[in-house]
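J.: Numbering (this note's numbering), first residue to last: 270 to 601.
Hints listed in this document are in silico derivations from the structure and should not be mistaken for laboratory results.
These figures come from a predicted structure and were not determined experimentally.
Some hints here could point you the wrong way.
[Stated by the list, open to error] As a list, the in silico DSSO-like pairs of lysine-lysine whose alpha-carbon atoms are at most 30 Å apart:
no.: 1; residue 1: K447; residue 2: K388
no.: 2; residue 1: K362; residue 2: K379
no.: 3; residue 1: K362; residue 2: K447
no.: 4; residue 1: K461; residue 2: K400
no.: 5; residue 1: K461; residue 2: K351
no.: 6; residue 1: K406; residue 2: K379
no.: 7; residue 1: K461; residue 2: K388
no.: 8; residue 1: K379; residue 2: K351
no.: 9; residue 1: K447; residue 2: K461
no.: 10; residue 1: K388; residue 2: K400
no.: 11; residue 1: K400; residue 2: K351
no.: 12; residue 1: K406; residue 2: K447
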Amino acid sequence: MKISDLRIGVKLAAGFLAVVLLTALLGAIALVQMSRIHANAEEIATNLLPSVTQTGELRVLLNRMRRAEAGMVGARSAAEVKAFAEQVAARHKDLSRVEAVYEPLIDMPKEREVFNAYKTRKAAYVALQDKLADIAKGVDFSTAETMELTADALSMLYSGESESAFVATAETLGELQKINSDAALQANEEAKTVFNVARAWVLGTLALCVALAAVLGVAITRAVTRPAHHAVQAARAIADGDLATEVPSGGKDEMGQLLNALGDMRANLARVVSGVRSNAEGVASASAQIASGNNDLSARTEQQASALEETAASMEELGSTVRQNADNARAA
């Protein structure tokens with residue numbers, strides 16, 4: 270079906286509906302792309318950055334616990350050993366609290382693997398730490414010789430096996446922090462990519478919507494104004510008395526029906542004018558014939574009048590002759 274066959278109301282409604290649908294399409298695409306951007310941002314904000322923060326806090330707490338452990342090694346009284354041991358116990362509680370917050374955030378296989386390694390190494394480190402604490406708590410601070418021997422044993426344990434276990438545990442925390450930092454950077458790059466893709470989609474859809482709206486607007490405008498222009502020209506030609514120019518045929522819409530009606534009116538007027546002209550020519554011909562007949566009748570009347578005059582003259586002469594003959598007869 271041609272667009273010219275649609276009614277004007279249908280054309281306008283279709284145009285507005287198309288604009289509404291294009292706007293809805295643009296909004297839907299924008300919402301989809303925004304949801305993708307939101308998902309990336311939420312992943313960074315609720316998982317990766319908290320994971321980086323929690324692993325960083327674990328490293329800080331582990332270092333604080335190591336310093337408290339060093340305090341036990343260098344303690345010079347049972348009270349100092351007890352105080353540092355309490356600090357170590359407090360750091361253990363803090364580590365457990367942060368681990369409980371961090372573990373639900375783990376969503377990568379590699380991260381889970383490293384975290385399990387961290388717990389294994391931490392358990393080995395804590396076992397050596399407990400051993401060191403037991404030795405420190407058993408030190409006899411009453412004699413310098415006993416203190417010196419115990420201090421040597423504590424130092425060897427602290428700087429030997431305990432140090433290796435601590436470094437191994439700290440390395441796993443560093444690896445966990447790096448995994449989450451790298452994932453955050455990757456998510457940030459993905460967010461940039463999603464944003465660029467979303468911008469391209471939105472701009473492309475916007476350009477498409479503008480182009481389609483412009484095409485629809487031009488098509489509908491032409492479908493209405495072009496027949497109206499032809500109708501105005503046809504009406505002006507008919508008003509000027511030009512019935513020879515053909516009126517272009519229109520579609521099935523209101524303007525097309527108007528053009529067709531004007532065409533029918535022109536044809537009917539042309540037939541009427543032609544009939545009137547033909548009748549006028551017949552009347553003129555009949556009038557000419559009547560005038561010619563009148564002229565002939567007048568000529569004949571004049572001829573008859575002349576003949577009557579001649580007859581009257583002849584009768585007068587005859588009367589005169591009769592009278593003369595009568596006179597002559599009486600005289601004889």
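J.: Compare the structure with each hint and give your call.
T.: To see whether the hints hold, each was checked on the structure:
1. Among the hinted pairs, K447 with K388 is consistent with the structure: their alpha-carbon atoms are about 17 Å apart, no more than 30 Å.
2. Distance check on the hinted pair: K362 and K379 sit about 26 Å apart at the alpha-carbon level, within 30 Å; holds.
3. Restraint check for K362 and K447: the C-alpha separation of about 24 Å stays at or below 30 Å, so the hint holds.
4. Between K461 and K400, the direct Cα distance comes to roughly 51 Å. Violation of the 30 Å bound is thereby established for this hinted pair.
5. About 53 Å separates the Cα atoms of K461 and K351, which puts this hinted pair outside 30 Å; it is violated.
6. About 40 Å separates the Cα atoms of K406 and K379, which puts this hinted pair outside 30 Å; it is violated.
7. Among the hinted pairs, K461 with K388 is inconsistent with the structure: their alpha-carbon atoms are about 35 Å apart, more than 30 Å.
8. Only pairs whose Cα atoms come within 30 Å are accepted, and K379 paired with K351 is rejected, the gap being roughly 39 Å.
9. A threshold of 30 Å between alpha carbons decides the hint, and for K447 with K461 the separation of about 21 Å falls inside it, so the pair holds.
10. Only pairs whose Cα atoms come within 30 Å are accepted, and K388 paired with K400 is accepted, the gap being roughly 18 Å.
11. Only pairs whose Cα atoms come within 30 Å are accepted, and K400 paired with K351 is accepted, the gap being roughly 15 Å.
12. For the hint pairing K406 with K447, the CA-to-CA distance comes to about 38 Å; that exceeds 30 Å, so the pair is violated.
When the structure is compared with the earlier hints, violations turn up for hints 4, 5, 6, 7, 8, 12 and for no others.
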